[in-house]
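With chain W's structure known, arrange chain U on it following the hints.
Taken in order, these protein sequences are the chains called W and U.
The letter at position 185 of the first sequence is residue 185 when you use our numbering, and the numbering goes up by one with no holes.
The letter at position 337 of the second sequence is residue 337 when you use our numbering, and the numbering goes up by one with no holes.
Worth flagging that the hints you see were computed from the coordinates, not collected in a lab.
Heads up, a few of these hints could be off.
In silico lysine-lysine, BS3-like type, Cα no more than 30 Å apart, as pairs [to be verified]:
1) U:44 - W:14
2) W:192 - U:250
3) U:216 - W:14
4) U:187 - W:263
5) U:239 - W:263
6) W:14 - U:239
7) W:255 - U:44
8) U:187 - W:186
9) U:44 - W:269
10) U:187 - W:8
11) U:182 - W:43
12) U:177 - W:263
13) U:216 - W:187
14) U:216 - W:2
15) U:216 - W:192
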Amino acid sequence: MKTEIAVKYLRQEKLPFIWCAGCGHGIILASILRAIDGFGWSKDEICIISGIGCCGRTPGYLDFHTLHTTHGRALTFATGIKFANPALKVIVVMGDGDSVAIGGNHFIHAARRNIDITAIIFNNYIYGMTGGQASPTTPVGKIASTAPYGAIDPPFDIVELAIGCGATYVARGTAYHVPALDNLIKKALIHKGFSVVDVLSPCPTAFGRRNTMKGVVENFTWLKENVIRKSATKGKTSEEIGKRIIIGEFLNIEKPEYTEIYKRDIIDKVRSPIKSSSINFFV
Amino acid sequence: MPLLLSGNEAIVEGALASGCRMFGGYPITPSSDIAEKMSLRLPKMGGKFIQMEDEIASLGACLGSSLTGIRSMTATSGPGFSLMQEHIGFAAMAEIPCVIVDVQRGGPSTGLPTYPSQGDVMQSRWGTHGDHPIIVLVPFSILECYTLTIKAFNYSDKFRTPVIILSDEILAHLREKIELLKEIDIKVRNFPEVPPEEYLPFDSRYLVPPLAPYGKGYRFHITGLVHDETGFPTADPEKVRSLQERLASKIPEEEVRDIDVRYMDDAKICLFSIGSIARSALRAVLQLREKNKKVGFIRPITVWPFPYDEIKRLSRDLDVIYVCEMNMGQIVGEVERAAECDVRFIGKADGTIISPGEILHNVSI
Numbered sequence: 001m002k003t004e005i006a007v008k009y010l011r012q013e014k015l016p017f018i019w020c021a022g023c024g025h026g027i028i029l030a031s032i033l034r035a036i037d038g039f040g041w042s043k044d045e046i047c048i049i050s051g052i053g054c055c056g057r058t059p060g061y062l063d064f065h066t067l068h069t070t071h072g073r074a075l076t077f078a079t080g081i082k083f084a085n086p087a088l089k090v091i092v093v094m095g096d097g098d099s100v101a102i103g104g105n106h107f108i109h110a111a112r113r114n115i116d117i118t119a120i121i122f123n124n125y126i127y128g129m130t131g132g133q134a135s136p137t138t139p140v141g142k143i144a145s146t147a148p149y150g151a152i153d154p155p156f157d158i159v160e161l162a163i164g165c166g167a168t169y170v171a172r173g174t175a176y177h178v179p180a181l182d183n184l185i186k187k188a189l190i191h192k193g194f195s196v197v198d199v200l201s202p203c204p205t206a207f208g209r210r211n212t213m214k215g216v217v218e219n220f221t222w223l224k225e226n227v228i229r230k231s232a233t234k235g236k237t238s239e240e241i242g243k244r245i246i247i248g249e250f251l252n253i254e255k256p257e258y259t260e261i262y263k264r265d266i267i268d269k270v271r272s273p274i275k276s277s278s279i280n281f282f283v
Numbered sequence: 001m002p003l004l005l006s007g008n009e010a011i012v013e014g015a016l017a018s019g020c021r022m023f024g025g026y027p028i029t030p031s032s033d034i035a036e037k038m039s040l041r042l043p044k045m046g047g048k049f050i051q052m053e054d055e056i057a058s059l060g061a062c063l064g065s066s067l068t069g070i071r072s073m074t075a076t077s078g079p080g081f082s083l084m085q086e087h088i089g090f091a092a093m094a095e096i097p098c099v100i101v102d103v104q105r106g107g108p109s110t111g112l113p114t115y116p117s118q119g120d121v122m123q124s125r126w127g128t129h130g131d132h133p134i135i136v137l138v139p140f141s142i143l144e145c146y147t148l149t150i151k152a153f154n155y156s157d158k159f160r161t162p163v164i165i166l167s168d169e170i171l172a173h174l175r176e177k178i179e180l181l182k183e184i185d186i187k188v189r190n191f192p193e194v195p196p197e198e199y200l201p202f203d204s205r206y207l208v209p210p211l212a213p214y215g216k217g218y219r220f221h222i223t224g225l226v227h228d229e230t231g232f233p234t235a236d237p238e239k240v241r242s243l244q245e246r247l248a249s250k251i252p253e254e255e256v257r258d259i260d261v262r263y264m265d266d267a268k269i270c271l272f273s274i275g276s277i278a279r280s281a282l283r284a285v286l287q288l289r290e291k292n293k294k295v296g297f298i299r300p301i302t303v304w305p306f307p308y309d310e311i312k313r314l315s316r317d318l319d320v321i322y323v324c325e326m327n328m329g330q331i332v333g334e335v336e337r338a339a340e341c342d343v344r345f346i347g348k349a350d351g352t353i354i355s356p357g358e359i360l361h362n363v364s365i
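Pulled out of the complex, with its shape left as it was, chain W reads as follows (with noise of 0.2 Å):
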């Protein structure tokens, strides 16, 4: 990233970062960064939440409001922050496992309600921190650590998933197509509502290593040529886009979003218009 954004942004004491050699993580970081920055917020006025794992370690090194939570419940945190003070412009981060194992609970629901958060999936189909275990997105026949004779459980779809369960901004990128990925995180940040962008992030060390990809170019190597955008999918068979992985834009739509319906049909509906409590709290 450049010098001015990651000295704008990034808590220098805490670099550098804890992430392995050939990682997409810290190139999904950047790729926020960059948005935020375009779009000028004060620092003062994001939050950004965080479950466990590699990704969950990414707020530690920004200098927002940051909250490293336990696992697979970010979300849940996150919607208390934004149902509390909508004001607070709130970003999610998680892994695979993360998001949609131990969180899947709170990831369906989050998205059910549309309330204004936008979930970024590092996804790198593997539990990389804990030693390489299967995750929900591991491909069937994958190697990991639990699954020595290949992934039997048919991974998840998070766009899939996250379209199905009521998300208004739903796209998919990778660590590799920087630039498209700058752009589907820059439309996810801006949109109202629950906005989720699947990233998909190599794991040389836990999960190549295990599937014939041991260096770190091989494993960006499959990504470029692994995938397709949607947009040259158009016209294409599904003969001819094969087993290739499609990244872009899934769903960008308008709908109520949570917290302001909360208000519009609730709280400005019944809400005595005397004064009921003199109690001088923070906001």
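Same frame as chain W, but now just chain U:
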């Protein structure tokens, strides 16, 4: 004007009077009517109610909203309280104020959903993993459901800690006439005295460091990992020890001590009980006193931290303490640790209350 309220309703009144403006909840008997009342009342005061997808999420949402400076509460019962333990630990570690109401029902597991118990006494202290401070308040009347909820919010902000109100199915749906307070003593949490660049969210110079709300210019990090004064993870044994020792000492027992002691001056025998069963114990004491028996009564209201020194002092001239509780023997172990006299147990966990008659039947004088 006095109101005829149930225990659950009194808790709602106490919470609203305390300035609670966020409730995250999930339905569970016998606590659900707290959530129902909050959903009705909060928006009228500009507050927020959200029904979350489970109890883990309920407490997570409360912790999130608390970080923005809003007084937040959730309510549940045994099975949901078990689920909440994960975030009770997070709240203890990250020192986030919140109030959790546990309306106890029979357990373990799904247990006896519509029948009372006092089976969560130890869970309220040690339910989450690791050493952690906690405050647990146990009401025995509808008035106390109200006043202890107010106290719970004040303790929670003052000590930056989760505070648990341990009610039960008896109190939840018992109705008594109470007078609401005209003036409420509200002690909100301390705002940092230093500018943002000097702020340490876990400043070890304080026993309880001030907590800056999100969105007010104080940007800092919070994690459930062991952290140093800045809030960032550390495994440096000295810093880990410093945090653990501060957490262990930040709620002085004598400061939150609240204990109902009656008829102890000349007592040789004492009935010790907490919560709704203390009503039966008190009735038994009164009946024995009518027969000129020298029987006393001890009821801790703040059960955790447990008043060991006070029990030790009070038990010096006693022959025996009978501990009455609606479980198979939980708080009795703590009484045994403290008491300098014999300790006997009167308890059961069959879903029925322990009546004064049952207590009298088991007390030998």
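Item checked: Indices of hints not satisfied (ascending) -> 1, 2, 5, 8, 10, 11 and 12
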